[in-house]
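Participant: Residue numbers (this note's numbering), protein chains in the order written: chain C, 1 to 429; chain S, 1 to 140; chain P, 1 to 380; chain D, 1 to 562.
If you're looking for bench data, these hints aren't it; they were derived computationally from the structure.
There may be inaccurate statements among the hints.
[As the list claims (entries may be wrong)] In silico DSS-like links for lysine-lysine, alpha-carbon gap of 25 Å or less:
hint	chain 1	residue 1	chain 2	residue 2
1	C	K373	P	K11
2	C	K199	P	K131
3	S	K2	D	K111
[Unchecked claim] On the chain C side, residues computed to face chain P include the following (Cβ under 8 Å):
hint	residue
4	S314
5	G317
6	T320
7	Y332
Glycine is no exception: its CB is placed at the ideal position from the N, C-alpha and C atoms.
Below, each chain spelled out in residue letters.
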Amino acid sequence: MVDDVLVIGGGVAGIQASIDLAGRGLKVYLVERFPSIGGKMAQLDKTFPTGDCSICILAPKMMECFSHENIDVLTHAEVKGVSGNAGDFRVKILKKPRYVDEEKCTGCGDCVSACPYINLPDEFDMALRSRGNIFIPFLQAVPRVVMVDREHCVKCGNCQVICDAGAIDLYQKPEEIEIHVGAIIVACGFDSFDPSGIKEYGYGRYKNVITALEYERLVCASGPTGGHLDRPSDKKTPNSIAFIQCVGSRDVNHNPYCSSVCCMHATKEAILAKEHYPSMENYIFYTDMRAFGKGFQEYVDRAKNEYEVRYIRSKPGEITEDKETKNPVIWYDDTVTRQVKRLEVGLVVLCTALVPSKGIKELADVLGVELDKNRFFKIADPLYAPLDSSREGILVCGYCQGPKDIPEAVTQAKGAAARAAEVLACLGA
Amino acid sequence: MKEFDPKIVAFCCNWCSYAGADLAGVSRMQYPPNVRIIKVMCSGRIDPLFVLMSFLEGADAVLVTGCHIGDCHYIDANHKTKNRFEFLKEMIAELGIGEERLRLEWISATEGEKFADMVKETVEKIKKMGPSPLSPKVMQ
Amino acid sequence: MSLENIVNETKAYYCLECGKCTGSCPISRVNKGYSPRLTVEKALLGFDKELLADGGIWSCMTCNLCKDRCPSNVDYTKFIRYARAEALKTGYTGNCTHGGVLSSLMRIMGNPNLKQDRLGWVSDNLKISEKGDILYFTGCLPYFETLFKDIGVNSLDIARSTVKILNRIGIKPVVMPDERCCGHDLFWTGDLENFEKIAKLNVGLIRGTGAKKVIFSCPECYRTFKQDYSEYVDMDFELVHISEFLAEKIDEGKIDFGSLEEDVTYQDPCRLGRHLGVYDPPRKVISSIQGIGLIEMEHSRERSICCGTSTWTNCDRFSEQIQKERLKEAKAAADTLITACPKCQIHLSCAMKSKTPIDEVKIKDFSVLVASAMGLGDDP
Amino acid sequence: MEEKEIRIGVFICHCGTNIGGSVDVPAVVEYAKHLPNVVHAERNLYTCADDGLTAIKNAIKQHKLNRVIVASCTPRTHEPLFRSTCEEAGLNKYLFEFVNIREHCSWVHMKDTEGATEKTKELVRMGVARATLLEPQEEMKIDVEQSAMVIGGGIAGITAAKTLANQGFDVYLVEKEAVLGGMLRNLYRLFPTGEDSLDSLQPSIAAVEGHEKIKVFSSCELKEVKGYIGNFDVTLLREGKEVNFKVGTIIVATGAMEFEPKGHYGYGKYDHVITQMQLEKLLKDGQLKKSDSVVMIQCVGAKGEEVSYCSRICCMVAIKNAMLIKEINPDADIHILHNDIQAYGAEYEELYNKAREMGIRFIKYTPESPPCVTMDGEKLKVEVYNELFGEQFMLGTDLVVLSTPLVQHQGGVEISKLLRVPLGKDKFFFEAHVKLRPVDFATDGIFLCGTAHGPAEVAESVSQALAAASGAGIPLSRGFVQIEAISVKVDLEACIGCGFCVEMCPYQALDMVDGKLEIIEALCKGCGTCVATCPTGALEQRHYQNNQIISQIKSIFHPVIE
């Protein structure tokens with residue numbers, strides 16, 4: 001019987017669960033697949049309905065988590081095997097090489113500018129800018145340590161020459177770590193659905209049709225355009241934007257469920273556009289406006305009344321492109337006036353479904369827990385034990401067990417921490 | 001001549017009115033940059049001395065703000081603020097500074113708009129009234 | 001079938017009234033009075049009479065564009081088909097184009113005693129047989145030729161080219177002298193009684209030839225056999241579209257193309273494309289011709305726009321508008337438009353002849369193109 | 001106090017363009033460099049990012065800084081981070097000063113770069129003036145009572161109590177009704193499991209009632225709560241008698257109630273116009289008369305003037321109940337008149353589709369022309385304009401069910417006053433931070449969960465209860481909390497024993513013993529009200545000293561202070 005806890009996933013949910021457990025004096029291992037913690041929330045510009053700058057409120061938590069004496073943060077690592085039972089799990093973790101000694105690297109970035117190859121898509125910035133073979137995952141990354149993309153590295157050695165700290169080790173080996181924990185909390189989050197399969201919306205075919213997560217990076221001050229809303233075709237600010245809801249969600253051909261956050265997400269993105277550019281015209285195409293959280297309806301009312309966001313009840317039939325201007329053209333049934341209309345805008349933002357993160361099936365297999373039909377983690381008792389997976393001692397929280405927004409994910413993370421403590425206490429008794 | 005640009009001192013409590021001022025910022029409610037906020041833990045900490053000192057140094061107006069009556073983070077400390085404010089107000093009037101230059105406002109953490117409106121109104125009003133008789137602008 | 005049953009059968013109750021169907025519909029875009037969403041809602045809300053009396057249900061091209069996009073998987077195409085059958089029973093019908101000639105023709109063909117003389121087009125240079133493994137189902141081409149010569153469409157060239165191509169690769173196809181119309185239009189306009197007769201007749205005739213594989217040049221015949229006959233009659237032969245058949249032969253190295261210096265674009269017939277998912281084989285065949293540049297239109301493949309009307313019903317100014325838009329798209333891509341459906345060829349050619357002229361687009365059938373690329377063109 | 005040379009370092013944050021976009025940060029840095037006692041000034045793209053924090057630590061060492069100022073966002077979110085950064089570099093955290101130039105400056109003067117930049121300079125100047133006079137402080141550790149009180153015995157309270165008790169802490173569960181269970185007692189069957197509400201709740205109630213660590217106080221009223229985190233003194237009223245106990249933390253789970261739709265759609269006027277809650281009861285008791293047609297109206301009183309918010313759960317409640325009626329009477333015609341269906345997530349959307357499959361019909365109405373309920377002979381008649389179809393509909397019906405929002409009840413309002421925790425605009429309890437502190441109050445040691453926080457379904461309430469239990473359990477597990485060093489102190493030489501201060505203290509932290517003032521530091525919460533009253537200046541508040549505040553005031557009007 002051990003009372004250490006493993007937390008899988010270093011997004012806001014995983015961070016919160018770790019901090020709560022560590023606050024109780026429990027030892028926590030936080031495993032994150034990406035080279036930095038922060039998750040999707042770190043990629044957002046602002047958050048609804050308060051307009052808080054996302055990274056501003058998250059960064060202190062990331063730091064608190066990383067520097068907590070009771071938390072071991074393992075980034076660029078994956079859980080590869082789990083054996084044993086609640087109170088006594090043995091977990092194999094693969095720490096993938098980042099080809100940099102995390103202890104020695106100061107994050108100065110000299111090596112980043114020394115790398116002659118800078119044409120790889122930057123994952124954090126949704127491939128809207130390129131990065132080098134050696135890179136810092138993002139500006140506020142925690143840990144702020146560089147990493148080498150060995151798949152593309154030509155081993156020119158420039159980075160090694162310039163690194164005063166001698167942190168670069170191009171021959172670093174993967175490391176397998178075995179830990180012993182009493183409980184496991186899974187918070188592996190979500191991915192954004194790739195809308196290129198929805199041919200009628202032209203994502204991938206038309207440059208000025210982008211996804212909501214790409215938009216977040218575009219309006220973010222620390223994003224690829226420095227916060228200027230430069231549309232991809234001509235790097236100019238569009239004078240109108242249309243946000244399209246339920247792209248790949250509430251759609252039985254893709255994901256039948258409602259992703260739960262997109263109505264508010266789009267509302268916020270429209271407000272941001274208006275704040276940045278007062279003459280911007282914003283349109284939101286929706287089916288049901290789902291503003292069911294605290295302060296959400298009021299937020300939508302403000303968007304309508306103060307920010308002049310036009311809400312159009314319709315799921316557009318298709319998007320075409322004006323060949324001259326490269327403006328997307330939306331064809332839709334305005335269900336309230338019952339007329340088919342054409343709307344030409346400067347930019348289209350597809351609010352895509354949020355789907356279980358890549359690799360969730362493999363993780364579920366490793367953990368020995370079940371997934372539901374939408375590939376989210378299955379809940380043992382959806383009413384009274386909403387955070388327990390199908391296996392004792394393994395808790396699931398955040399988006400990986402079903403659509404939810406940040407406060408709900410934080411709530412569940414804290415709840416999962418309490419459940420883990422409860423499970424451990426009961427086993428110890 | 002440059003337009004009269006009043007200087008306003010605002011005392012805010014940590015829990016409500018300071019948070020309300022934060023919310024005004026978070027909500028990007030625009031107001032003129034004439035106000036200087038000094039944070040105390042509770043409006044009960046606002047010594048009449050601080051208010052008088054502000055006028056003495058040249059403030060054109062002073063804003064005393066705190067949690068709504070009943071919401072005070074320190075039970076009822078803001079009741080004391082209210083009592084003190086009443087005699088301060090009398091005193092300011094007697095001094096001939098003009099009682100309208102002192103304003104008490106209860107602002108909650110959710111009332112960003114109220115904070116912004118208070119600043120806007122005060123700036124407008126003081127601009128019409130002109131500088132405080134104690135202001136260095138007048139002394140010169 | 002009652003409207004309630006139609007709703008249940010097509011799962012129309014899942015409709016979220018999101019409007020994606022209407023926003024997609026090529027007809028709604030030009031005809032403001034027509035909306036698939038409102039058509040379904042009428043049924044859902046119990047406006048049965050209004051629905052059946054609505055001429056709109058006859059305007060639908062059943063092109064599947066909305067069906068494929070519907071987030072709730074409502075089968076609008078089927079919904080329309082059932083609603084038409086029901087409307088027909090109630091005494092409503094669509095507006096027959098071409099004076100109802102074609103629909104009468106189809107019904108006539110349902111008579112088992114009929115003996116046609118429809119092989120007049122088979123000239124000496126074309127090798128066909130009465131029995132054999134491979135059968136070529138010509139469909140209504142002889143009748144179309146007669147009807148649409150005046151707009152410059154020689155539908156039988158399709159049949160001739162197909163036979164020539166098959167001959168060149170060593171196949172002497174069975175072509176039946178008394179083949180019936182496949183019944184496609186009867187099926188889609190609700191005349192299931194005559195459809196059933198025709199289906200049985202055709203399958204019987206094919207069985208009689210001993211064919212193991214049936215090749216179609218008409219996507220409507222192909223779809224009808226493949227998806228709709230099975231409900232009425234069993235089939236024990238393989239069905240294939242000429243484009244699929246040829247794509248396979250190209251892989252086997254059995255086709256030798258000459259060179260054709262020409263840019264073309266390709267019209268996906270809705271039956272072949274969205275109904276049956278055959279997008280790549282025709283493109284593969286066209287692209288294999290040396291010197292040919294295949295340039296896609298703005299709307300192609302899954303997004304392709306229908307030729308404007310179907311089942312010889314409700315052809316109107318809106319149809320013409322759709323056709324002209326389509327021709328403009330074609331012209332923007334290339335000077336020559338390849339069609340793989342005789343009806344697409346007829347409808348688009350008709351629009352070319354309309355009184356308000358548009359830039360000339362050469363319309364050429366797929367089989368005709370392939371035949372000329374194989375050097376079989378100038379010898380009808 | 002012996003203090004060597006004051007050496008201040010100033011760090012000014014661009015916060016991307018949040019500050020840098022409307023404030024000329026380099027100019028402010030130049031300005032700061034020339035302020036008295038400032039030996040180092042720099043700017044950072046994000047001072048809170050790892051490189052910014054490293055810069056602070058390096059500068060403390062390199063420039064021998066003994067005061068640090070960060071001018072960036074609000075201390076309410078970032079002060080702990082910068083304080084601990086200073087501590088890591090060996091600087092007492094009370095020698096850190098925060099200047100808010102974002103919420104209070106760049107964000108509210110977005111179109112006035114000149115004005116914002118000048119204001120920023122002054123704000124930094126004020127910070128420097130205050131920092132110069134800051135003194136190092138030591139924090140007090142307070143022992144935490146190893147028990148918690150949960151207020152409210154509904155599903156949220158029950159869950160929170162059980163979790164804490166299972167972790168080994170004593171729990172006092174206080175419920176105003178005679179029995180536990182709360183709102184779930186009145187419901188019929190629950191989605192998505194279809195369980196009977198009360199049956200499904202019984203095991204939890206039994207577990208709580210039989211738990212050796214839980215004391216259930218039913219039919220009890222909360223009379224008074226005194227104290228602070230770790231040491232709350234609670235007084236209950238039970239059958240008129242007072243019960244006293246001490247707890248370390250408190251969880252508020254007081255629930256909500258259904259809005260009574262008086263004057264809406266003939267409610268109270270026609271017998272067969274009822275609320276969803278009344279329908280649940282009829283279904284539960286098997287009293288629902290056979291209804292061949294039912295009309296449900298959503299958002300009654302919500303998303304409008306009376307209640308501005310969307311009550312989150314009513315759409316699914318209506319759908320669930322409509323399906324239950326369909327189960328009883330498959331031929332029933334059921335229409336749900338709505339203004340957007342809130343079938344969020346996976347299971348709800350599925351249920352919504354299932355309802356459509358069962359033949360339940362949905363009609364979207366506009367809030368501008370809401371439905372109208374009248375009596376037509378024996379039958380009710382509902383007229384509604386179907387917005388998406390564009391026609392007026394007339395539905396004859398046996399039963400009209402109104403879906404009304406959950407609202408705060410009087411008991412909750414009273415608890416809020418008693419605990420001095422705030423309510424939001426929607427009258428529900430207002431959490432410390434909407435995004436990242438969803439179950440905490442700003443007041444340490446008090447947490448919230450369930451429908452007291454806002455409308456929520458069972459699983460959401462349970463998750464929140466667990467989360468609140470996590471927050472409440474942390475100080476209990478640690479056994480102590482550290483108190484911020486902002487308490488008051490007295491200079492007994494200067495004190496004349498007038499006793500004015502004693503009456504000022506809301507916490508009874510001050511007492512006159514034999515003419516001498518005594519301060520119970522653990523009780524002092526640092527409001528400073530007493531200090532403002534002291535006529536002699538004998539009282540002083542740590543970290544908010546008179547001279548520190550006065551220096552701030554003066555520096556506003558004096559470009560350079562000597």
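Participant: Would you mind marking each hint as holding or not holding in the structure?
Facilitator: Hints and how they fare:
For the hint pairing C/K373 with P/K11, the CA-to-CA distance comes to about 21 Å; that is within 25 Å, so the pair holds. Between C/K199 and P/K131 the alpha-carbon distance is near 45 Å, which puts this suggested pair outside the 25 Å criterion. Note on S/K2 and D/K111: the hinted pairing holds, with a Cα-Cα distance of about 20 Å set against a maximum of 25 Å. Interface hint at C/S314: satisfied, since its Cβ lies 4 Å from the closest Cβ of chain P, which is below the 8 Å cut-off.
Interface hint at C/G317: satisfied, since its Cβ lies 3 Å from the closest Cβ of chain P, which is below the 8 Å cut-off. With a least beta-carbon distance of about 7 Å to chain P, the hint placing C/T320 at the interface is held under the 8 Å criterion. Look at C/Y332: its Cβ gets to within about 4 Å of chain P, closer than 8 Å, so that hint holds up.
In this structure, the one hint that does not hold is number 2.
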